[in-house]
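Letter by letter, the chains look like this.
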Amino acid sequence: MYEIRFHGRGGQGAVMAAQTIAEAAVYEGLEAIAFPFFGAERRGAPIMAFARIDDKKISLRTQVYQPDMVVVMEESLIEIEPVADGLKPGGCAVVNSKLSPNQIDLGVKARCATVDATSIALEMLKAPIVNTAILGAMARADDFVSIKAVKEAIASRFGEHLGEEAGRINAQAAQMAYEKVSIGESLAQRPITKRKMWLPTWQEMPPGVALYHEKRGEIEVGPGSSWQTRTGTWRTKTPRYLRDKCVRCARCWFICPDAAIKREADDHIDINYDYCKGCGMCASICPAKAIEMTKGAKL
Amino acid sequence: MKVKVLSGDHAVAYAVKMCNVDVIPNYPITPQTLIIEKLSDFVFDGECDATFMPADSEHSAMSMAIGAAATGVRTFTATASQGLALMHEMLYVAPQTRLPIVMANVNRSLGAGSGIWAEYNDSMPERESGWMQCYVEDAQEAFDTIVQAYRLCEDQRVMLPLMMCLDAFVLSHTVEKVLLPEQAEVDAFLPRFRPLNFLDTQNPKFINIAVTPAHSMEMRYQLDHLMRETSSVVDEVDALFGKHFGRSYGGSIQPYRMEDAEHALITLGTATSTARVAVDELRKEGKKVGLIKLKYIRPFPHEQLRKALRGVSSLGVFDRSIAVNGFGPVFTEVRNSCYGMGMPITNHIAGIGGRDLTVATFKGMFEKIMRKEGAGRDCFWHGLRGDM
Numbered sequence: 001m002y003e004i005r006f007h008g009r010g011g012q013g014a015v016m017a018a019q020t021i022a023e024a025a026v027y028e029g030l031e032a033i034a035f036p037f038f039g040a041e042r043r044g045a046p047i048m049a050f051a052r053i054d055d056k057k058i059s060l061r062t063q064v065y066q067p068d069m070v071v072v073m074e075e076s077l078i079e080i081e082p083v084a085d086g087l088k089p090g091g092c093a094v095v096n097s098k099l100s101p102n103q104i105d106l107g108v109k110a111r112c113a114t115v116d117a118t119s120i121a122l123e124m125l126k127a128p129i130v131n132t133a134i135l136g137a138m139a140r141a142d143d144f145v146s147i148k149a150v151k152e153a154i155a156s157r158f159g160e161h162l163g164e165e166a167g168r169i170n171a172q173a174a175q176m177a178y179e180k181v182s183i184g185e186s187l188a189q190r191p192i193t194k195r196k197m198w199l200p201t202w203q204e205m206p207p208g209v210a211l212y213h214e215k216r217g218e219i220e221v222g223p224g225s226s227w228q229t230r231t232g233t234w235r236t237k238t239p240r241y242l243r244d245k246c247v248r249c250a251r252c253w254f255i256c257p258d259a260a261i262k263r264e265a266d267d268h269i270d271i272n273y274d275y276c277k278g279c280g281m282c283a284s285i286c287p288a289k290a291i292e293m294t295k296g297a298k299l
Numbered sequence: 300m301k302v303k304v305l306s307g308d309h310a311v312a313y314a315v316k317m318c319n320v321d322v323i324p325n326y327p328i329t330p331q332t333l334i335i336e337k338l339s340d341f342v343f344d345g346e347c348d349a350t351f352m353p354a355d356s357e358h359s360a361m362s363m364a365i366g367a368a369a370t371g372v373r374t375f376t377a378t379a380s381q382g383l384a385l386m387h388e389m390l391y392v393a394p395q396t397r398l399p400i401v402m403a404n405v406n407r408s409l410g411a412g413s414g415i416w417a418e419y420n421d422s423m424p425e426r427e428s429g430w431m432q433c434y435v436e437d438a439q440e441a442f443d444t445i446v447q448a449y450r451l452c453e454d455q456r457v458m459l460p461l462m463m464c465l466d467a468f469v470l471s472h473t474v475e476k477v478l479l480p481e482q483a484e485v486d487a488f489l490p491r492f493r494p495l496n497f498l499d500t501q502n503p504k505f506i507n508i509a510v511t512p513a514h515s516m517e518m519r520y521q522l523d524h525l526m527r528e529t530s531s532v533v534d535e536v537d538a539l540f541g542k543h544f545g546r547s548y549g550g551s552i553q554p555y556r557m558e559d560a561e562h563a564l565i566t567l568g569t570a571t572s573t574a575r576v577a578v579d580e581l582r583k584e585g586k587k588v589g590l591i592k593l594k595y596i597r598p599f600p601h602e603q604l605r606k607a608l609r610g611v612s613s614l615g616v617f618d619r620s621i622a623v624n625g626f627g628p629v630f631t632e633v634r635n636s637c638y639g640m641g642m643p644i645t646n647h648i649a650g651i652g653g654r655d656l657t658v659a660t661f662k663g664m665f666e667k668i669m670r671k672e673g674a675g676r677d678c679f680w681h682g683l684r685g686d687m
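Sequence order for the protein chains is A and B. At the far end of the first sequence sits residue 299, using this note's numbering, and the numbering has no gaps. At the far end of the second sequence sits residue 687, using this note's numbering, and the numbering has no gaps.
With the rest of the complex left out, here is chain B:
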């Protein structure tokens, strides 16, 4: 094991190298560039035996990733914001074709009102595409999750692509201590890739055939069913990772001080770290508050979440994006999942476009949750100038 001080982006690059990825199609975009630059260095210096393929756009990068994965090799790419939006069309091909591509998406707000800071309006719409989607909160978790991702995606029961999301700058460009395992440890955890669906000259077939209304429905249901079944594998892989490396993240969700919590907040990404400090401070004041980090939004951990929320009398959900004229997307997911549980559930939108999330921001959320406010629209914007 080696101790390194790495940015979130560099932690991702180190993980990709150690996972012995074969093909890296890519197109650079702030704040993902550090990942691509580091991987480019690794390949150039001969530390990583991958084919590094600069593309002419993100649409092409994803097309190349799909093509590479369809030949049965381990594939990685990374993007952010507008880049992910440009990939949108091609994203839908990978899950249905059962190509276990791993991609890092550095969450950055999607223009107009173009900015380079963290917002989830790039990745959230893609949770409908059939990609697994998760959010990490520090550089160590970014490294560990990439390693877990290949094991998870390439599991014969899964064979789906995964998008790991990390916050622009607050994680992508933040350096911190990262423990890098030995190569042999990663190799022991990550078996050789055995593709399910690939182009084989010995056994010719079509993939991505045109389908008629007579087949589409079964095809779609198959994918929906598969994603629902996958949630338990997420937890299984995380537990196995824990056995190998001594670190685990609770799988799909990670509860914090939830044992006797009456009021809970659901967060994702780096917001979780700062929100934990808010929970600690409120606990010191005797408030029975707790936190759940929602790591995976696809597959959505319905059962795990409902179990963790037993005994909670009011719940808030943090969102870093708004589905216009709806709510924050995480809120919509959580409230659907918790239908019938009885407690009031409110939506707390903050940190849009990278606005700094402080301990006070999260205490403000808990104040509203504890007062069980939220009759009416149930959606609060924290730090907004001007009355809602």
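So here's chain A without its partners, still in its complex pose:
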């Protein structure tokens, strides 16, 4: 049995990638299942998806704890998730990154494939949805499924959802990634530490399903999941605030879908880059052009 664990962010298409690799495996005459795991349904929040491939019917429906392959859809996830946890000896990692594999610190020495899937997606699809490029890289990183089957599965699955043309372009993105992959060995410098989670016993559980925002055992806990996970670090565009031009109308503050704009006492604003996803609605609505969008995840 070949087991794959995807680490992505809500909205990147990790679930669709897992489903598509399963479909590709079925085209190769194998059995496969794929399924997601996420916390709150929230764009940008870290999520996992899993796929299992075997030559006989698959009974295991538990999550994947010892993957043969880990797929990291977005480089900054390595900082906040133990992506290489449980990776089998001889297993491999596929990482969306501009860096070469021997610059990727997974905390474990492993075969590692990198590809700049974000650039491929922006070029081919005009959107930073990297799943199809990643699928191409996966087909190159290990030989459990062929690029031909992957492209067929993309054409079928994406074609069904988004139309034939979208299926074709996404298959091209996979082919491009397949050709551009670099393969090497990852670094083992960082410790693989599991994300700190507040795990109370039933006796410690606060009564009444009530929880204030507070620290428990050094861990920030509170309503929702974003206290623990910065959901903005994967943006491809970043807003720059031009304070002098601001007319203090607060429209940006009102329209921000993620409450990432803080309104100061005098109605100037402050942007919280931990949660800003770079959607650009603030820049678009600003009547004074006091917010401009710049390329990249940082100013």
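Just so you know, not all the hints are guaranteed correct.
[Stated by the list, open to error] No farther apart than 25 Å at their CA atoms in a straight line, the calculated lysine to any residue pairs in the SDA-like style are these:
hint: 1; chain 1: A; residue 1: Lys196; chain 2: B; residue 2: Arg654
hint: 2; chain 1: A; residue 1: Lys180; chain 2: A; residue 2: Ser100
hint: 3; chain 1: A; residue 1: Lys196; chain 2: B; residue 2: Lys586
hint: 4; chain 1: B; residue 1: Lys586; chain 2: B; residue 2: Gly685
hint: 5; chain 1: B; residue 1: Lys301; chain 2: A; residue 2: Ile147
hint: 6; chain 1: B; residue 1: Lys542; chain 2: B; residue 2: Gln455
hint: 7; chain 1: A; residue 1: Lys196; chain 2: B; residue 2: Gly682
hint: 8; chain 1: B; residue 1: Lys667; chain 2: B; residue 2: Gly685
hint: 9; chain 1: A; residue 1: Lys57; chain 2: B; residue 2: Glu558
Calculated directly from the structure, the hints in this document are not laboratory data. Since the model is a prediction, treat every value here as computed from it, not as a measurement.
Since the structure of chain A is already known, use the hints to place chain B on it.
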């Protein structure tokens, strides 16, 4: 036959389409939405000749389903969790009125402590409503069971509604290989719907009349008796399905490695798949363990279960919900059914709110079953933080 890679939810939608359903009242709720979205696509694209009726709530969706079925047409709806709870009042109308509605319920935990993952505290309370209720473990079984459900519900001896339950995400959003039969094969298996109780302008009558204490008791007993008689029809329909399609699921229950088993566990839903791996591993160690998948909790398969448990010296029952201050509901049902058989029966609660069920979880259950633990409260929570 066609091979497709489908999620559990989409497998349900394909089955509904192939069963030529006439009316689909609906209200979307995670994780049932994939079913409704796919059916909406099918209807919009002209692949499914049904009336698609978005409702303003689940209470209305079930009311519409009852109204549609009462005109004598084939009806489907789907819901989950809070949606099923909101239907509660209307659910009771369909069985007593003998309307064979088929509904998919994607098991999701019921708030407070609101979550979107699998727990059976939404569907379990509804086993008292007079609906048939079953649990499936993979996408193929979800497809096949919907097809079986229309045949079963519309059988003149039955004419009851059925709720097919599938686990949130672990099944609803898990894709896997599904064999889709040809339309002609489904048509050959599923006869034209001939309603028993329907509004007919040629032959006017009241249905759902108000009743006095002078009639209620006989009416209730009639339904209780009917449900008990229905269990054999469940098995019959599954066997017939096997003849048509080459796949069957044992009917009400599906034993696994039970031939010489001394210690057995009863599971339902997707837990069964992972538990089978645990059984295989324990068998390799020489342990005489077996598994019974309880597919139907209504009608409850008393006779089939007692027969399958002959020779078993200790029994455990898995539950994915708790009847507060009671036990897991499946345990209560099984222990009642097995009264007098003599073996110790313990309750094993796990996977609450969708917590991952691993092979180790089920091995932990078997450990307790094999040690015949369970004097006292007989109820173990597996994976609970803090001493019980």
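Hint-by-hint comparison with the structure:
{"no.": "1", "hint": "Lys196(A) - Arg654(B)", "in the structure": "18 Å, holds"}
{"no.": "2", "hint": "Lys180(A) - Ser100(A)", "in the structure": "11 Å, holds"}
{"no.": "3", "hint": "Lys196(A) - Lys586(B)", "in the structure": "38 Å, violated"}
{"no.": "4", "hint": "Lys586(B) - Gly685(B)", "in the structure": "30 Å, violated"}
{"no.": "5", "hint": "Lys301(B) - Ile147(A)", "in the structure": "23 Å, holds"}
{"no.": "6", "hint": "Lys542(B) - Gln455(B)", "in the structure": "21 Å, holds"}
{"no.": "7", "hint": "Lys196(A) - Gly682(B)", "in the structure": "19 Å, holds"}
{"no.": "8", "hint": "Lys667(B) - Gly685(B)", "in the structure": "18 Å, holds"}
{"no.": "9", "hint": "Lys57(A) - Glu558(B)", "in the structure": "22 Å, holds"}
Going down the numbered hints, you'll see the structure goes against 3, 4, while the others check out.
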